[in-house]
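2 protein chains.
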Amino acid sequence: MKLRTRLFALLILLQINVLHAQSTTEIADKFIRTSLLENKGYNWLKELCEIGPRLSGSENSLKAIKWAQKKMIESKFDSVWLQPVMVPHWERGKIEQALISNSNKYGKEKLTITALGGSIGTGKTGITAEVVEVKSLDEVSKLGERAKGKIIFYNRPFDNGLASSMEGYGKAVDQRSSGAAEASKVGAVAVLVRSVQSSYDDFPHTGSLSYRNSEVKIPGAAISVIDADFLSKALSEDPKLKVNIKLDCKTLPDAQSYNVIGEIKGTEKPNEVIVIGGHFDSWDKGCGAHDDGAPCVQSMEVLDLFRRLNIKPKRTIRCVLFINEENGLKGGIEYGKYAASAKETHLAAIESDRGAFTPRGFYVTTDSLTFGKLQNWLPILNKAKIEWIRKGGSGADVGQIKNAKALFGYVPDDLRYMDVHHSSTDVFATVHPREMELGTAAMALLVYLLSENGL
Amino acid sequence: MKLRTRLFALLILLQINVLHAQSTTEIADKFIRTSLLENKGYNWLKELCEIGPRLSGSENSLKAIKWAQKKMIESKFDSVWLQPVMVPHWERGKIEQALISNSNKYGKEKLTITALGGSIGTGKTGITAEVVEVKSLDEVSKLGERAKGKIIFYNRPFDNGLASSMEGYGKAVDQRSSGAAEASKVGAVAVLVRSVQSSYDDFPHTGSLSYRNSEVKIPGAAISVIDADFLSKALSEDPKLKVNIKLDCKTLPDAQSYNVIGEIKGTEKPNEVIVIGGHFDSWDKGCGAHDDGAPCVQSMEVLDLFRRLNIKPKRTIRCVLFINEENGLKGGIEYGKYAASAKETHLAAIESDRGAFTPRGFYVTTDSLTFGKLQNWLPILNKAKIEWIRKGGSGADVGQIKNAKALFGYVPDDLRYMDVHHSSTDVFATVHPREMELGTAAMALLVYLLSENGL
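Sequence order for the protein chains is P and W. Counting in our numbering, the first sequence runs from 358 upward without gaps. Counting in our numbering, the second sequence runs from 358 upward without gaps.
These are computed hints drawn from the structure, not numbers from a lab. You can trust all of the hints, since none of them are fake.
The list makes no distinction among identical chains, and a pair is therefore deemed to hold if it is satisfied within one copy or across any two copies.
Result set (DSS-like, lysine-lysine): computed pairs, CA atoms no more than 30 Å apart in a straight line:
hint, residue 1, residue 2
1, K481, K505
2, K387, K528
3, K403, K590
4, K730, K748
5, K626, K762
6, K397, K492
7, K387, K492
8, K730, K762
9, K748, K387
10, K397, K590
11, K590, K387
12, K740, K730
13, K528, K397
14, K740, K492
Chain P on its own, in the form it takes in the complex:
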C-alpha cells in the first residue's frame, strides 16, 4: 500500500472504532433510559406477585410458569420453551403453632413460628418438651444425653455488625439448614431456630432444612427474633418450662414442573450462548418479590429490551427461569445436564439471586486473562452504577453450567435484603422501581458486551 492509502485505511479504522465506542455508550444510555422510564419489568413483577408465592410443586408455581411463558411469547423472543423437571413438593399446611405449655410465670404464651421448608409435621397433638437453648451446632453435639427428648432452641443472632448482610446470613444459616439433623443425632425431638434476618420484628423467615438419611427426622421451625428473645428470657427464669409445637406440613410425591426458557438467536455466532436467569420458585411466605421474582423478571426484561430497542445480538442470548433453587436445585441441575450435552457453547451465564436493590457490581468465576479483560468494561457498566467486577461466586443455578467460560453473579446492594428474605414481608411494595430497573439495565449492558465481544 502507498502511504496515502495506508493513512486512509488507518483513518477509516479509527473512525470505525470511534463509531463503535459511541454506539456502546448510546446503547448503554438507551438501556438505562428505556428501563427506567418504561418500568416494564416492574409492572411485570406486579402481575407476578399477584399470582402469589411460587413454591416448587405448588399450583401457583405452575400458574406463574404459564404466565412467564406467555410474556416471553408476547415479547416475540425467537424461541420460548418449557424444560420439564421433576421437583420436590413440600406443603406448609395450615397449622403452625407454638405455645409455652406449663410455666407458672409465662402461662400459655404463644410464640410466633413458621415451619422450615422440608420439615416433617408433628402429628395432631404436637410435640411437647422441655427446651434447651444453644448458640451453635457444636454446642448441640456436646449436649449428649441432656438433649434427649428435648426441643433444641438455636438462638445465635444474625450478626448485624457486619457491613455485608449476605455475610451475616452466611454466618447464621447453619442453625437453620443443619440444626435439625444435628439435634436428631443426640436424641432431640424438635428444633426451634431463631429466624435468620437483619430486621427486628415478629415475622419469622423460613428456608430449607436438610435431613440426613442416617438420622431420624425431627420437625423444625423458625421462631421470630422477638419471640426468640422472649423465649430466651423465659428460659433463664424458668428453665423447666415446656413448649408445645404443632406443624402439619408434609412432603408429597415429587411433582412435574418446568424451567421457563426464552431466547433471541445470535446474528453472527448463534451457537455461542449467553444465559441470564434467576430461580423462579419462591418460598411460600410473601410473594418472593426480591427472592427471586424481581431478578427473574429482570432477566426476562433484558431480552425484551433487546427486542424493544431493536438491538440484534451477535451471539444467542437466553433467559432461563430455573425452578426449585430453594429446596432441591432440580431446575439448575436439569439445565446443567442439558448444557453439558448440547452442541452449542455456553460462553457465559449470569445469575441474579440477591434481590433487586440498587446495583453495585458483578461477581465472576473465570480465568485470570478473562478476568483482566472484563475490567475494561467497567467504565461503560458504571453508567448503570456497576462499581466493580470481583472474583466471587455466581449462583447455585448457573453454577450447574460446568462448561461456561465465565459465570457471573449480579450483586445489588444487600443492606436491606435480609430484612425481607424468605418471609411474609418479601412483597412487591418493598421493590423500588428505579433500583430494580437500573439493575435490569446493568445486566442488559453486560449481556450486550458479552454478545458483541465474546470472551
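The hints should help you fit chain W onto chain P, whose structure is shown.
Quick look at chain W alone, frame taken from chain P:
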C-alpha cells in the same frame, strides 16, 4: 549504626508499620460494628424527628438546636457551643389551596399544591386567572403579552430516565427556583410548578424560590405530579379554564438562630481542624429525616464514636450543624467568616447533604496531589462500602470554608432520595438503620484517616 543495630531499627519500624496497618483495619471494624450494632445515631434521629420539622426561624428549629447541644454535652465532647446567626423567617401559614374555578367540564376540582419556600401570599380572596402551561423558563420569556395576568404552569417533568436522581433534580429545579421571577418579568400573576420529584404521587415537594429585586414578587406553589398531569389534560380540553390559588404564607423579620458546634480537641495538632456537618434546618413538610436530619445526626455520631471507642484524634475534629441552608445559607456563611479569620487551620471539611442511604463514595475538591493521595485510602474505606473518591462538589455549607485544603461531600446512593426530598414523605420511617449507620461509619473512618495522617 552497626548493621545489627540498623537491622533491629528496621525491624522495629516494620513492626510499627504493621501495627499501624492493623490498627486502622481494627478501627474500621470497630466503627462499623459499633455504629451498626448500637444504632445510637438512628435512635437520636427518632428523637429529632419527634420534635418536628426545623424550618429556619421556627420555634421547632430552636428546640432542635437545644436538643443537639444537649446531646453533644451528654456525649462529653471537649467543647460545645452555639454560634449566633440571624436567619430568614418564612412561614407557610394555614391556607394553601388551588381550585379549578370556572370550567364546565372540570367544575370545582381541587388541586394538591404546597407553597414554595419564600413565596409571598395571595391575599384572602386569592388569585384567579387563566393558566398557561410551559416547559421551560425560555418558553416563558417568549410568551410576551400572552403571559400578562396569567398563572404560569411550569410542567417540565423530572427526568426519570437518568441513573442519577441528583442529575434529574438538577435538570428540573430551575422551574422552581427561578420560575416566579421569570414569569413576573412578562407580567404573570402567579406560578404553579410541577413538583420536582422522582416518585409519582400526590405529595407536592416544596423548596426555595428566588425573587429578583427588579421584579414584582408573585406567589409560587408546587403542584403534585398527579395533579400536574391532571391540570395539563384539563387545559388541553378547556384552555380557558381558570384556577384560583390561595396561599397565606409570609416572610417575618429575620430571627435569631444558631449553628450548633461541638468538637474533640486533637492530641498532637489541635490547631488543625477537620469539620464534619450537615444543615440542621429542614423544610416544614415531613420532618426532614433524610434532608438533612439523618446526615446531621451522622456527623454528631462520628464524634460520639471517637468518644465511645476511646479513640483520641491527633487533629481536632469538629461537628458543625449549619442553620439555614435551605433558604439563605446564613449559617454556612457565618461559619465561613469565622473560618477565614480563625487562627486555627481548616485542614478539611466533610458535608453530608444527600440523604442517609447506602454509602457509595465521596466527592472532593482539592489539588491533584492530594487527590492522588486520597485514593490510597480507598481499600480501607471500602470496608464501609465506599467505592470511590471522585472530583466533585462538597456541599453548599462547607463550600463557605474557603481556606480548607480539601472539601468533601459524602455521597450515599441517590435512587430513592428524590422520592422524599422536601416533602411530607421525608419522615423517620424512610431511613433504614443499616444504611444510615454504615454511612456514619464511612464518615468516621474518613475523619479518622484525616486526623491521623493529615493531608
